[in-house]
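Visitor: Protein chains in written order, with my numbering: chain R, 152 to 404; chain A, 152 to 404.
Simulated from the structure, these hints should not be mistaken for laboratory data.
Any given hint might turn out to be false.
It does not matter which identical chain is used: a pair holds within one copy or between any two.
[Claimed, not checked] Derived lysine-lysine pairs resembling DSS-like cross-links, with alpha carbons at most 25 Å apart:
(1) Lys321 / Lys398
(2) Lys337 / Lys167
(3) Lys307 / Lys321
(4) Lys361 / Lys307
(5) Lys167 / Lys307
(6) Lys307 / Lys398
(7) Lys324 / Lys337
(8) Lys398 / Lys361
(9) Lys275 / Lys361
(10) Lys398 / Lys275
Protein chains: 2
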Amino acid sequence: MRPLILISNDDGVNAKGLHALEEIAAEFGDVVVMAPLNNLSGQSHSITGIRPLRVREERMAEGRCVYSCDGTPVDCIKMATEHFCPRPPDLVLSGINHGSNSSINVIYSGTMGAVLEATMLGFKAIGFSLLSHNPDADFEPGVPYVRHLIGQVLQKGLPEGVSLNVNIPKLPKGEIRGIRICHQSKAQWRDSFTQRIDPQGRPYWWLTGKFECNDPSTDSDEWALTNGYVSVVPVHTDLTRYDAIGKIQNLTI
Amino acid sequence: MRPLILISNDDGVNAKGLHALEEIAAEFGDVVVMAPLNNLSGQSHSITGIRPLRVREERMAEGRCVYSCDGTPVDCIKMATEHFCPRPPDLVLSGINHGSNSSINVIYSGTMGAVLEATMLGFKAIGFSLLSHNPDADFEPGVPYVRHLIGQVLQKGLPEGVSLNVNIPKLPKGEIRGIRICHQSKAQWRDSFTQRIDPQGRPYWWLTGKFECNDPSTDSDEWALTNGYVSVVPVHTDLTRYDAIGKIQNLTI
């Protein structure tokens, strides 16, 4: 039986990056896509409990089932693996995201939320992102790397509980220098909201902000991307800071 | 000058747990509250980029400013620290959540999203949750522990980049056995969506699911809570699984 590959994203079922990933995945196996109806960037690991969800068949063909769901990327992974995949997926993919999910962006990302949910459910999973927010971005230069990583993970697996956060620099064909295994850079977004005044004189705020990376490390994902490499960060869902457990024992009573 | 304590949550500005935390915090310093207008449980680290946000003054008194914001808990922390706190907060609190944020729940939790955002911005932060979803839950038995932890963290600080995920067992006064410093238990939610049929014969799905904890460890948060202790897990925002970096070097090209 061909491998089954489940795909989601956070840019929505009609995003160009999703179609690009679907085409590559179809080279390796049967494909089920379940993606949000609309763009849900920045939805992180959100789930929808306050209203029920609907699922719609978008496109069906031999070895390809594409569904949309009016929930979050995490909802899509739960729903698809439990109710819409004909068998447990051999691999779960998310993306290709329009825009970086490197560094601290991983924690805001719905694309990576889907990947982490798949990991928790026990599936091998990879999230792919291209460093371009352009809805018509050119995904071609990164395709050989996406293909390579899917093939390798299908063949060799991943350490238990580990998934991959893959970011691709925005470079023309042939200028990407290879793949680096990295850690997540230390960084944050600053000056996040800008105030405006509405026609009635009342204030409102738009999310904005500038990215500040203070990580001088040369084995970080920001370093790899700035230097023309595809960055691969092994990620997991255990937020425990183990080295702090000893340091805060004085909090006990 | 008195310490400034910023408080948020994900149950909304009118939640009983928020008021309980505000009362305890006011013993230690001036308080700014900025909380979501409505219940936003399960919103994780979501941010709002697709529409502008509004902020409303709810209650103002000497040393107490309470605002609501129509964004997520993470939006609240960004907005409050940048535009509504009269000085940088000495401590950021979130909760007291109605319901557990132990184990893997930390990753779905908007309450803990607020805590992790504060951590990224460089502030000391603690999230508190009570293991009861009752809107009228009794927070009293946990108050001495909340008070103790706030006092200790204000006095001694926390390791850099580390915040605390504190969960309180649902026990009568006097039956809580103390505080344990723990790691996050390995667990997941299964069978997440249940299908129903609408009056027109079309399917829809409600989020549900059962919690499965497979972690036999006696220094985990689930163990502590089951055995009557307040669990304190030091958490951070670096999702890198460092021990896997060496193991996946064979993915490079």
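Visitor: With reference to the structure, classify each hint as holding or not holding.
Guide: Now the hints, each set against the structure:
no., hint, result
1, Lys321 / Lys398, "neither (42 Å within a copy, 27 Å between copies)"
2, Lys337 / Lys167, "neither (30 Å within a copy, 36 Å between copies)"
3, Lys307 / Lys321, "neither (28 Å within a copy, 45 Å between copies)"
4, Lys361 / Lys307, "neither (39 Å within a copy, 31 Å between copies)"
5, Lys167 / Lys307, "neither (29 Å within a copy, 51 Å between copies)"
6, Lys307 / Lys398, "between (38 Å within a copy, 11 Å between copies)"
7, Lys324 / Lys337, "neither (29 Å within a copy, 42 Å between copies)"
8, Lys398 / Lys361, "neither (33 Å within a copy, 34 Å between copies)"
9, Lys275 / Lys361, "between (33 Å within a copy, 22 Å between copies)"
10, Lys398 / Lys275, "between (34 Å within a copy, 15 Å between copies)"
Going down the numbered hints, you'll see the structure goes against 1, 2, 3, 4, 5, 7, 8, while the others check out.
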